[in-house]
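Asks: Start from the sequences and build out the full structure, keeping to the hints where you can.
Chains as they are written, first to last, in this note's numbering: chain A, 330 to 644; chain B, 567 to 823.
Hints are computed from structural coordinates only; laboratory data are not their basis.
Be a bit skeptical, because a hint or two may be false.
[To be verified] Pair ranges (Cβ atoms, derived):
id, chain 1, residue 1, chain 2, residue 2, range
1, B, T583, A, S623, 54 to 60 Å
2, A, S514, B, S735, 54 to 60 Å
3, A, S553, B, R809, 41 to 47 Å
4, A, G374, B, T572, 39 to 45 Å
5, A, G374, B, F591, 38 to 44 Å
6, B, T572, A, V341, 39 to 45 Å
7, B, T583, A, D444, 18 to 24 Å
8, B, F645, A, D444, 27 to 33 Å
We treat Cβ as the ideally placed atom computed from N, Cα and C, and that holds for glycine.
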Amino acid sequence: MAAVEIRRLTRVYRGRRGAASVTALDAVDLDVDAGSIQGLLGPNGAGKTTLVKVLSTVLLPTSGSASVLGHDVVTETDRVRRLIGIVFGGDRGLYLGLTARQNLMYWAALYGVADRQARARSQALIERVGLAERADERVERYSRGMRQRLHLARGLVADARVLFLDEPTTGMDPVAARDFRALVSDLRAEGRTILLTTHDMAEAEAVCDRVALIDHGRLLAVESPRTLASWVSRYERIDAAGVPLHVLDAIRGVPGVTGLGSAPSGATRIDIGAEGAAARVLQLLVAAGVTSISTSLPSLEEVYLQLIGDRGLRV
Amino acid sequence: MIRALTGAVRAQFQMTTHDLGGDLFNLVVVPFFALTFLAIVQQSGRRGLLGYALMAPVLITLWQMALFTAGELVNRDRFLGVLEAVVAAPAPFALVMAARTATVTAFGLAGFAESWLVALVVFHVVVPVRHPEVLVPTLVAAAFAASGTALLFSAVFALRQSARVFQNSITFPFYLLGGVLVPVAYLPGWLRPLSRVVFLSWSADLLRDSIRPGTPAGVPFRLAVVVLLGAAGMAVGWLLLHRMVEHLRREGTLALA
Numbered sequence: 330m331a332a333v334e335i336r337r338l339t340r341v342y343r344g345r346r347g348a349a350s351v352t353a354l355d356a357v358d359l360d361v362d363a364g365s366i367q368g369l370l371g372p373n374g375a376g377k378t379t380l381v382k383v384l385s386t387v388l389l390p391t392s393g394s395a396s397v398l399g400h401d402v403v404t405e406t407d408r409v410r411r412l413i414g415i416v417f418g419g420d421r422g423l424y425l426g427l428t429a430r431q432n433l434m435y436w437a438a439l440y441g442v443a444d445r446q447a448r449a450r451s452q453a454l455i456e457r458v459g460l461a462e463r464a465d466e467r468v469e470r471y472s473r474g475m476r477q478r479l480h481l482a483r484g485l486v487a488d489a490r491v492l493f494l495d496e497p498t499t500g501m502d503p504v505a506a507r508d509f510r511a512l513v514s515d516l517r518a519e520g521r522t523i524l525l526t527t528h529d530m531a532e533a534e535a536v537c538d539r540v541a542l543i544d545h546g547r548l549l550a551v552e553s554p555r556t557l558a559s560w561v562s563r564y565e566r567i568d569a570a571g572v573p574l575h576v577l578d579a580i581r582g583v584p585g586v587t588g589l590g591s592a593p594s595g596a597t598r599i600d601i602g603a604e605g606a607a608a609r610v611l612q613l614l615v616a617a618g619v620t621s622i623s624t625s626l627p628s629l630e631e632v633y634l635q636l637i638g639d640r641g642l643r644v
Numbered sequence: 567m568i569r570a571l572t573g574a575v576r577a578q579f580q581m582t583t584h585d586l587g588g589d590l591f592n593l594v595v596v597p598f599f600a601l602t603f604l605a606i607v608q609q610s611g612r613r614g615l616l617g618y619a620l621m622a623p624v625l626i627t628l629w630q631m632a633l634f635t636a637g638e639l640v641n642r643d644r645f646l647g648v649l650e651a652v653v654a655a656p657a658p659f660a661l662v663m664a665a666r667t668a669t670v671t672a673f674g675l676a677g678f679a680e681s682w683l684v685a686l687v688v689f690h691v692v693v694p695v696r697h698p699e700v701l702v703p704t705l706v707a708a709a710f711a712a713s714g715t716a717l718l719f720s721a722v723f724a725l726r727q728s729a730r731v732f733q734n735s736i737t738f739p740f741y742l743l744g745g746v747l748v749p750v751a752y753l754p755g756w757l758r759p760l761s762r763v764v765f766l767s768w769s770a771d772l773l774r775d776s777i778r779p780g781t782p783a784g785v786p787f788r789l790a791v792v793v794l795l796g797a798a799g800m801a802v803g804w805l806l807l808h809r810m811v812e813h814l815r816r817e818g819t820l821a822l823a
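Replies: Below, the structure written as structure tokens:
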């Protein structure tokens, strides 16, 4: 059963003062299974935040529909708001003059949580996100990472069944980000449905059951993280300096080599498009005495371009 | 609704007491107003206007605190990045704004004590409160009405940044029509009916009556008018704030500062 259903959802921002309109979401279709973690992966400006804003009822769609646990986000706004928790990215979104505990009590009140329950829940969340020792300190003295953790606690204070996490690890140090991922997995184990936006491939791979790729407001694909990881590793690239011409010819003939060009450093860049091809190319380079070799993975955007070009995905 | 109301009041109380120089700066001005008004009355020998001089700073403070708070809250929440989360919460947005505005305005009630103390300490005038049963409910009703009426302007100031320029000047017509310092009877005849729809005029009359000898007439009715005018302002303000939020959701500018 889908906890979140999105059908041909479109959002167009009207241009101001003669500027062109921008289509932030373009006929997006997506189902998020109940009790799963759905990743939404894409570069900045892809439309991830716009989608979360529409689902969390702070932005109206231009056309199409979306529902949360069967309730339409436009016509049943009040019902939807009682079912969702939101964590917007960044370290803003908190009252700096209040302590962590006071912030949580305030947000709990806005969700109609009784005082006694709110106190208990706030304490539990403060401990869960590792802020117990500084719970009664004003947020203005918190580091960016601490604010982010409190942000997450804020999103959970209403005990929502569906959570929208918009780039929640932005600004977190690696340890806190790892702890956060463990927490997200715990939340799934409790039966919550989570939509997590990120531009971090590793994060999506670590916690998500399925990942939707989005760019320019369009959904490119919905795949398992394992499939995505294989795509990225397949599109490896090798930079090598001082490669003899006859070796370049040999490399060009290796199955799975998709192109040869120049890296920004001036070295030769060899693009790989199939598993196993990288190993063969490296063998040729080493055998030819080439010693300046480096390998790297392409960025997500580059993978998108490759995918759109050679697989004809839903665009 | 009640939980959201009490939660908003509590949080705003915590924010205001934390930042004493922010929301409460109007209280610093009260003694200066009181000093000026009381000095004029003393020097002119018009002791009959003592009530005007004493109560004017109180009402001015209440109205300024309400109006400035209502005007600033939306923008402040936007600046902190919390506005979207507040709108996305189940509690009605206008209820949260009204509760927070009323909380800050309630601090303005301290203006009465300030004004009274200035009369005592500077001019050695003890102003007896002859009818505390009129004074206390009137102050509370005036604070409520100020908050309610200010909510009317909240949406305007949030939607039109240019309107904030008039935030200060918009208070003066209310003082004038409210007979806060200058008796309404001194105004041109055609202006006087207008003063009856301004909560300040009813509040000011009641407050002055509370320190006059004799039994004030029709207190329950006059108090009810103050509360009703405040409630009417709040109802319209509620509607305007709701429409403002819908407009911002449609335009996608809720988070934009």
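Asks: Sort out which numbered hints this structure fails and list those numbers smallest first.
Replies: none
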